[in-house]
Every structure is written in structure tokens, then in C-alpha cells.
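So the protein sequences, as listed, match chains V and Y. Quick note: the first sequence uses our numbering, first residue 2, plus one each step. Quick note: the second sequence uses our numbering, first residue 13, plus one each step.
Calculated from the structure, these hints are not laboratory results. Computed from a predicted model, the values in this text were never measured in an experiment. Heads up, some of the hints might be wrong.
Away from chain V, derived, C-beta distances all over 12 Å, residues of chain Y [said to hold, decoys possible]:
no., residue
1, His171
2, Arg427
3, Glu433
4, Gln490
5, Val688
Partial list, computed: chain Y residues near chain V (C-beta under 7 Å) [unchecked claim]:
no., residue
6, Gly49
7, Ala198
8, Gln201
9, Ala208
10, Gly261
11, His684
12, Asn708
Just so it is clear, CB atoms sit at the ideal spot from N, CA and C, and this is done for glycine as well.
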Amino acid sequence: MAEARVAVSLLLNGRQRTFAVPPGRRLLDLLREDAGLTGTKEGCGAGECGACVVLLDGRPVTSCLVLAASADGHEVVTVEGLGDGDELHPFQEALVAHGGVQCGFCTPGLVVTGAAIVARGAGPHEHARRLAGNLCRCTGYVKVLEALATAATGKHGDGAS
Amino acid sequence: MAPRSPRTTATAAARRTAGAPLGGRGERADARAKATGATRFVGDLAMPGMLHAALATAPLASARLTALDTAAARACPDVEAVLTAADIPGENLVGVIFADQPLLVTDRVRMVGDRLALVAARTPEAAWRAARLVRAELEPLPAVHDPVAALDPASPRVHEAGNLIRTFVVRRGKAIPGRADVTVEAEYQVGGQEHAYLEPQGCLAVPEGRARITIIASCQCPFYVQQAVARVLGLPLAAVRVEQAPTGGGFGGKEDYPSEPAACAALLAWYTGRPVRLILPRELDMQASTKRHAMVVRHRWGAGRDGRLRFAEVETVLDAGAYIGISTVVGERANVSAIGPYDVPALRVDTRVAYTNNLFGGAFRGFGAPQVTWAAEATMDKLAHRLGLDPLEFRRRNLLDDRRRTLCTGQRLPRPVLARECLDRAAALAGWDEFHGRIGSRGGALREGLGIGLALYGCNLHHGGQRLDRASAVVILQPDGSVVVRVGLTEMGQGNLTACRTITAQALGVDPAAVQVWQPDTTAVADSGPTVASRGAHMSGLAILDAVRRLRRKLDPVAAALLGCRTREVELAGGFAGVAGEPARRVAVAKVAAEMAARRIEPIATGWHRTRARRFDPETGTGAPYEFYAVACHVARVAVDAELGLVRVEEVAAAHDVGRALHLDALEGQIHGGVVQGIGWGTTEELKVDRGRLANPSFTDYLIPTAADAPVIKLAIVESDGKGGPYGAKGIGEPSFIPAAAAVRNAICAALGVEIDTLPITPPRIVAALGDAHPFAWAVEAIKAEPDAELATTARDR
Numbered sequence: 002m003a004e005a006r007v008a009v010s011l012l013l014n015g016r017q018r019t020f021a022v023p024p025g026r027r028l029l030d031l032l033r034e035d036a037g038l039t040g041t042k043e044g045c046g047a048g049e050c051g052a053c054v055v056l057l058d059g060r061p062v063t064s065c066l067v068l069a070a071s072a073d074g075h076e077v078v079t080v081e082g083l084g085d086g087d088e089l090h091p092f093q094e095a096l097v098a099h100g101g102v103q104c105g106f107c108t109p110g111l112v113v114t115g116a117a118i119v120a121r122g123a124g125p126h127e128h129a130r131r132l133a134g135n136l137c138r139c140t141g142y143v144k145v146l147e148a149l150a151t152a153a154t155g156k157h158g159d160g161a162s
Numbered sequence: 013m014a015p016r017s018p019r020t021t022a023t024a025a026a027r028r029t030a031g032a033p034l035g036g037r038g039e040r041a042d043a044r045a046k047a048t049g050a051t052r053f054v055g056d057l058a059m060p061g062m063l064h065a066a067l068a069t070a071p072l073a074s075a076r077l078t079a080l081d082t083a084a085a086r087a088c089p090d091v092e093a094v095l096t097a098a099d100i101p102g103e104n105l106v107g108v109i110f111a112d113q114p115l116l117v118t119d120r121v122r123m124v125g126d127r128l129a130l131v132a133a134r135t136p137e138a139a140w141r142a143a144r145l146v147r148a149e150l151e152p153l154p155a156v157h158d159p160v161a162a163l164d165p166a167s168p169r170v171h172e173a174g175n176l177i178r179t180f181v182v183r184r185g186k187a188i189p190g191r192a193d194v195t196v197e198a199e200y201q202v203g204g205q206e207h208a209y210l211e212p213q214g215c216l217a218v219p220e221g222r223a224r225i226t227i228i229a230s231c232q233c234p235f236y237v238q239q240a241v242a243r244v245l246g247l248p249l250a251a252v253r254v255e256q257a258p259t260g261g262g263f264g265g266k267e268d269y270p271s272e273p274a275a276c277a278a279l280l281a282w283y284t285g286r287p288v289r290l291i292l293p294r295e296l297d298m299q300a301s302t303k304r305h306a307m308v309v310r311h312r313w314g315a316g317r318d319g320r321l322r323f324a325e326v327e328t329v330l331d332a333g334a335y336i337g338i339s340t341v342v343g344e345r346a347n348v349s350a351i352g353p354y355d356v357p358a359l360r361v362d363t364r365v366a367y368t369n370n371l372f373g374g375a376f377r378g379f380g381a382p383q384v385t386w387a388a389e390a391t392m393d394k395l396a397h398r399l400g401l402d403p404l405e406f407r408r409r410n411l412l413d414d415r416r417r418t419l420c421t422g423q424r425l426p427r428p429v430l431a432r433e434c435l436d437r438a439a440a441l442a443g444w445d446e447f448h449g450r451i452g453s454r455g456g457a458l459r460e461g462l463g464i465g466l467a468l469y470g471c472n473l474h475h476g477g478q479r480l481d482r483a484s485a486v487v488i489l490q491p492d493g494s495v496v497v498r499v500g501l502t503e504m505g506q507g508n509l510t511a512c513r514t515i516t517a518q519a520l521g522v523d524p525a526a527v528q529v530w531q532p533d534t535t536a537v538a539d540s541g542p543t544v545a546s547r548g549a550h551m552s553g554l555a556i557l558d559a560v561r562r563l564r565r566k567l568d569p570v571a572a573a574l575l576g577c578r579t580r581e582v583e584l585a586g587g588f589a590g591v592a593g594e595p596a597r598r599v600a601v602a603k604v605a606a607e608m609a610a611r612r613i614e615p616i617a618t619g620w621h622r623t624r625a626r627r628f629d630p631e632t633g634t635g636a637p638y639e640f641y642a643v644a645c646h647v648a649r650v651a652v653d654a655e656l657g658l659v660r661v662e663e664v665a666a667a668h669d670v671g672r673a674l675h676l677d678a679l680e681g682q683i684h685g686g687v688v689q690g691i692g693w694g695t696t697e698e699l700k701v702d703r704g705r706l707a708n709p710s711f712t713d714y715l716i717p718t719a720a721d722a723p724v725i726k727l728a729i730v731e732s733d734g735k736g737g738p739y740g741a742k743g744i745g746e747p748s749f750i751p752a753a754a755a756v757r758n759a760i761c762a763a764l765g766v767e768i769d770t771l772p773i774t775p776p777r778i779v780a781a782l783g784d785a786h787p788f789a790w791a792v793e794a795i796k797a798e799p800d801a802e803l804a805t806t807a808r809d810r
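Using the sequences and the accompanying hints, generate a full structural model.
Quick look at the structure:
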């Protein structure tokens, strides 16, 4: 059964890419299946847990609720595209330094949302609320928020707290 | 290096300043790959020709299966196989201890989510679409949903033999029913909990013809998965290889349950000859996988005017759901944990495990202890109140300590017993005295309260499961001086890879970065039992120390030859083999490794640890259920909106008796996570069950804490030189969870001046408990006075 396909062109992690996907394809599946970027995770498929968050034109979105076709002509950044070569994004580096990573399944989504928070320069009192769309069951969020505060103030943490 | 050599009894602070790995904050072994999304979970693995599995499940909690029609499912495009119970080559059985649970239903449905048929298709969408087309004719049967009612012989039977699965008891002292100046009687309804690991259950089965099979699974217990798959396929254990995939959270939810999806994927792989991956959708995962047991706990406790406990009677009923799973083991722990770390001269505990047609009860962080602890700590507060004593002071008078250290089972606790230390440290951190010195909370609807929770946790498998309490390790010194470590216990986020790396580095005197601990694989190490009971780091660690001891029998003579000293003079530290007492004479461990390779000396050693055999009499509940114990105390400060019933946990002070800290970031992370998960269980995480069906199987309707709910957490890490695991370390995974909800409950009740004996303490329960004390009770009274008037909400609800 030949399925209809639509062409989706997007700037993905800094590179212009085009994919031919079924019209109902989720952006999450385009990223994981078609682009091979498995860093973005699926935790619920309903936009509730935040494990699949990516940046769409700089804004964090749950990619399980975005149709791939609607990303046509837009820019998408995934967890794989946040760092610069071997250099991690300051929030990724801070998470590692502060021990803010446990099972790691929520981490990619958390990292992407955190990067957006850092980019917008939200004050520390805003961090917890803005991160509330990313569920984490391991860390109790304490070291995650410490890491975010470190990344947001531009200090590179040495892990001491 | 022996775990109890003089060096290991040096203070942790001294070791830290010496730059040794132990007790430090080195980067966690798995953090960088996880933070960049490079870690591949099982859902990220794919193979050419791989098929996707789906399950057809029962929508009713109790029914007879009279017909099963798979024709429509088979006719779906992209479907490769649809299998039913008749296709199972081995036994149709997945029960981990008892033979009461089939992999696929043959005649009787006992819970919503029971599996009827399995589908393999070329895409996940096609597989689930076909699974929905499996037609089952189900004839509804009477069901039982109340665990206490289930024990009535007249109730519908979930299994032929009746609904009482097991009874556990503790009998100690006389004078039951006891005499006391004050007596508290209560019935606590303690709800269950969903694990809500962020990674759903999943596995990948890769067959090699019908000769053997590899399972890559998100799981805590690869050896359980191995046994289940071997049994279902009729294969010897050696023909089933289970490799643990990086596991995105477990908390007990990936202890016994992953055997079920693994057996499903294995069966489909066996039939199709192709790799099969199964990832459970969140809704089915929440419905069908195991849950923390709901329990009903009845108390009759007495105390004297001197503030000492006189007796305690506890009757607990666990809701096991439709299959035993490991509910009896949970019941064993609930039974001996029923009175917490207190000294009670006379005691009678009855713990019964009941079948129902509800959600499947299983392992969850704390393993039966949190529910009974929640009840015990509530009763302690009530007794203190009745005696006119400060809850802190009342606990001080009754805690076990170094002199008074006989546990409820008659076991003498190993010294030091640090309950008082933990209580005082947590109370000090929380500012208990200052808070109570501050008179009169701000008036109005916002009320503040402080509450205490204490827990005593046995850091091993219970006596009943001690045959499983052993662990295996393999240490391989590479020719370049780096070290490969294999252990049989898993990393699921708790930090076992990091703990094992730290222990290996400490024992071999090398940089942690030189040590790579790989995920467990059943072909690499011997059966090490389950990764549960907070035993991962200490059992793996003791097995590693044993392996290092054996490796040094080969390494030390080579080092001695290079150094020109005697073998027994060789010391390992800082990446060097040196001569004891002569810091200048040393050679890099890497050089010793190269020399071993050049001389073809075996660079691999195995290690093994088993706990000491203990005596315990199940008839009376007396003896030594566990080898050693950890104490934990949490003090929670809450703000409660008495109008809306909303609870905000502002701060938790947590003091933990950890023996020795192996890795501070991992240790603190466990406590933070345990506290927040405990707050969720205690306040918002309500499993709404409607005739066996979970009515809120999503993160929108089942509320786990978010970053915005996390309190300030203050920690006191209490270290000591007592009995424990490697270097004296004790488990932290579960002690971090157990007291949290109890502390929150007591804080809420203190804030409001009412008793709430149902968990979770949701806003409607708070408003209901306040009754006439609710700020708007006068308005309700006014409406009641007018018989024709109706509240808008009651009218709408009709």
C-alpha cells in the first residue's frame, strides 16, 4: 500500500534537511526514525512528560504533539544540536558537574528546555516554574535546578554545592 | 583490601582530603552520555528486519474467556504473527515465585490488562492497530475490589484456593491486649503508587534460530528475565542471554514486571525468527504493570504517662491484586517494619496478603515499609498529643539506641544505632524548637506545620529470600592499566555504575576514570539476584572487593618484581604500585598491567559475596530478618491552604545513617529523589481505580511532583564505623523515601489540628477532614439550613 508522502524541509541542528514523510508523521518520529536522532525520547506520547522537548524556532515544544509537516520551513534544534562539537552547552556541562543526571531518560528534554530558559535570561526564581513541564522521577529536581542556576549565571560549576 | 582493614575506618573527611575516590564528587560514570542524548535506551535500538510487538489485553477485571478470534488481526497489513496461549512452547507461566500467573490467558481473566494475544508487525502502529482487532468473548464474573472484604470466605474468589495468600506475624512479650494510660486506635487507608519511571517498559528480543535468544531489556533484574524467558520458551538458562539496557528509572517497577514484556517479545521473536521490540504505551504501562500495594493498617497502641510505649497491635492487609508476584515478600517486610525504630515491650503484628481484582501489587521503593511507617508515625503523633508531649520528645523517649537495641523481632541491632542522632540532626536542621517557639501561625487560611517521620530499614533481602542474597563480579585489568568491571546488579539511575567504579578505583588505587563498569549481562557474571532492597552498591561492592583481592594475588608479585620488594610490601594508591612506607619507590599500575600482559599472567578475577546465614522463625516472627539496618529521619515543613486544601511542602530536613558515603553526589541525589517521590505519594499521587480499571493512567491525571513542587531539602549525612557493606556503606535508595510521606502527613495534621488517616492527602480529603473547622463551614451550614437550597456543584453532579 503506497502511502502519500509530504516533503518536510527544515533547518535541523544547523543543517538544511529534507524528509519525505507520511502526512500524519509526528515531528518526534521524523527526528528519531528518519533523521536518526534518538537523543529525543518518548515518555508518554501525549505532551505530558517533556522527554521529547526540542526547540522549534527557539521555543521549546513537545515534539510528540507537533506534526512533522508543520515544521516545514522552520528551524529545529534537538539535544544533539545544543553543544558545539565536543563542547557541551553550559547547562549540559553544569548538569554533569552538579550530579544532576540520574537515569537520564528525561535528561535530553530537560536539557533542551533548560537551554531555552538560559537563552531567555529568566531569573532564578522563575526556573522551577519554567521547568515544570519536564517531569523527572529520579532527582527531586534539586541538583537540576542548581545546575540551571549555574548555567544561567554563566558560572561553570565545579560540582561543589 | 579487606573491607574492615584499619585504613577503611579512617574518617571519611580524612580520605576526602587525601584525594581518594571514596566519598568524593567525581563526575558520574554515565552522566555525560546521558546529558548529550548519546545513551541508547532500548527504544533507541533497531535492527534490520526488526518487528514491533503489541498486546491484546482484557478490559474487564474478572471474566471467563469463552472465545478468542484473531482472524481480523491476522488480516491486517504488515502483521507477521498473532500468537495465543496455544503457541507457547514451554510453560505458560510468568509468576516469579508462585505459579499463579499465565503469560497469556487461557480461560480466566483476573485483572484489567491480562494478556489475551500477542502481535508482531512491521510498524508499532500496525501492531497496536491489529491488537485492537483481536476479538475476545468475555463472560463477566463477580469481582472483588476491597482487600479486607476479599478475606471474607463469602467473597468472589480470584483463584480457586481462596483470597488469603499468606499471613505473617510478629509475637513478642505478653500483655496483649495491653494496659496503658492512653490508647490510640486507628484505621489507616494507605493508597498505592505508580512508579512513573520516565522510560516506559521495553525490551528487544533477538533470536538465533530456535537454538538460543538474546534479550536486551530495560530492567532491574536481568536474572529474573532470564528465568522467565527460559521457562516460557522451554530453553535451558544458558540459552537465554539477558543484557540490561540502560534503564530509565525503576524504583521497583522494573523488578519483577519486565519478565512479562520480555517473555512476550521472546515468544514473538521465537516464532518469526526476527528481532522483536516491545515498548509499552504509557497508558497500558500504568494500567498493567505493578504498583505500590494499597494497604489497610489497623492500630491499637498504648503508652504510659511516663511517655513510654507499652504495647502495639498492628493488623495490616495488603492488596496484592490478581496475582502474587512478589507480594508475599513485600508482606514480609511490611510485617517486621510495622513499628519502626521504636522499643515496644509487647507486640502483636498480623500481616495478611489478599488477592483482589485490582491493580497488580509489586515492588516499589521501600517495599511495604512506607505504608506501615506512615501509619506508625501517625499513631506516634496521636499518642504524643494524647500525652501532652512534644512529638519530638515522645519519639526520643521510645527510640532504639545503643543500650536499648532489641528490634521488634527480638534481634539485637548492630551498634551504633543512630536513630536518636538522626532525629536530633533533622530536627535541628528543620528548626523544630524555633518553629514551636514562634507563637501563633499567621491567621487566615494559610496554616503552617512541622512533622516528623522516622524509618528503620533492613539493608538486605529478608530472611525468607536470603538464598538470593549474593552477588558476582568480574574485574579485568587491561594491558594499558585501564580496568573492566562486570557486576550482576544494575544501574537504573540510582548510581550503581558510579558506586562500583568508585569502589574499584579505591580498592585498586587507580583513577576512577580508568575504570569502566559495564551493564550486567547474564553471560558475563553469575546470578546475583535482584537489584532491590537498596543492596546494589553494597553487594556489588563487596563482590568487587573480593575480585580485587584475588586479582592482587597475580598483580602484586609482578609489581614486587618491578619494585624489587616483597609481595606483601606492595601498596596500591594514586595510580601507582608502591613499596609500603617508601613513597619514592613506585611504579605506575599501567606499567604493572603491561608487564602482566608481557608475561602472560591471567589479568582477570572473579569475586563473590553472600550475606551471612541468619535465623528467623516465621511462626512467631522472631529472629534476624536482616543483617544490618539504616535509620532515616525526615522533618517536613508544610503550608496548607485551609480553604482549598492545597498543600505546599516548603522544606524537608533529612538525616540519614549511611555508614559511609561512597559518592556524595549520587548519595544526595538519591535522598533528594526519594524525598520528592515520597511527597508525591503522600499528597497528590492518587490511583483512581474503577472496578479494577485505572481511571487516571496519564501524567495529566496522575500527578507526580514537578520542579515547581520540589521543596528545599536540607541534608545531614550521618557516617559511622558500623556494620555495613564496602567500607561500611549502607543502602540509601529506599531509606530516602520511607519517612517522607509520614513527615508530610504529620506536618499537615499539625498545621490543621485534625487527623487525616487516608493517603494520599489530597485537597478534597483535607477539606472533608476540616469539616466544621473549614473556613467556609458556616456557609455550608447556612445552605443546609435552607432545605431547598443546593450547592451549584451538587446540582451539576447529578
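Run the structure past the numbered hints and jot down the numbers of the failing ones, going up.
Structure breaks hints 5, 7, 8, 12.
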